[in-house]
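In short: position in the sequence shown from 1, add 551, done, that's this note's numbering.
Treat the hints loosely; a few may be bogus.
What the hints assert, rightly or not - Label pairs and their calculated CB-CB ranges:
id, residue 1, residue 2, range
1, E610, M639, 41 to 47 Å
2, I648, T622, 40 to 46 Å
3, I653, E576, 23 to 29 Å
Derived by calculation from the structure, the hints in this document are not laboratory data.
Backbone N, C-alpha and C define an ideal beta-carbon position, used for all residues, glycine too.
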Amino acid sequence: MSMNYNTASVSEVEDGTTQESLYSEVSKLRLKDAVIYYQGLLAQNNLISSESSASISHEAMLMGEEIFQNTLAILAEKIIVSMKNLFMKMKGVKKVIFCTKIIKVFI
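Build the full structure now, drawing on both the sequences and the hints.
Encoded structure:
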């Protein structure tokens, strides 16, 4: 099965600015598919059981939290790369507007 890992999490709208789609239904479905695919890879490589425990151990919760934090880091990196690529394509006034909007987010 081939997966496309180059899908952007940021799209350009008419005025040349970006619209984050991390919480859009498309991104949510894409992430859900990735989680299902990831689970399949773990099962395929005999790294997880086909059954679940009756209760979740503290160690399992810690591991889950670490996986969650790493997932957030991956999503943030995809957004940064997408924004950088979009910025590189922009020219003139569009770049200024883009930078102004990004600066407002961090101030």
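Taking the hints in turn, this is what the structure says about them:
In this structure the hint that E610 and M639 lie 41 to 47 Å apart at CB holds, the actual value being about 44 Å. In this structure, I648 and T622 break the distance hint of 40 to 46 Å, their C-beta atoms being roughly 31 Å apart. At about 25 Å, the CB distance of I653 to E576 agrees with the hint of 23 to 29 Å.
Going down the numbered hints, you'll see the structure goes against just number 2.
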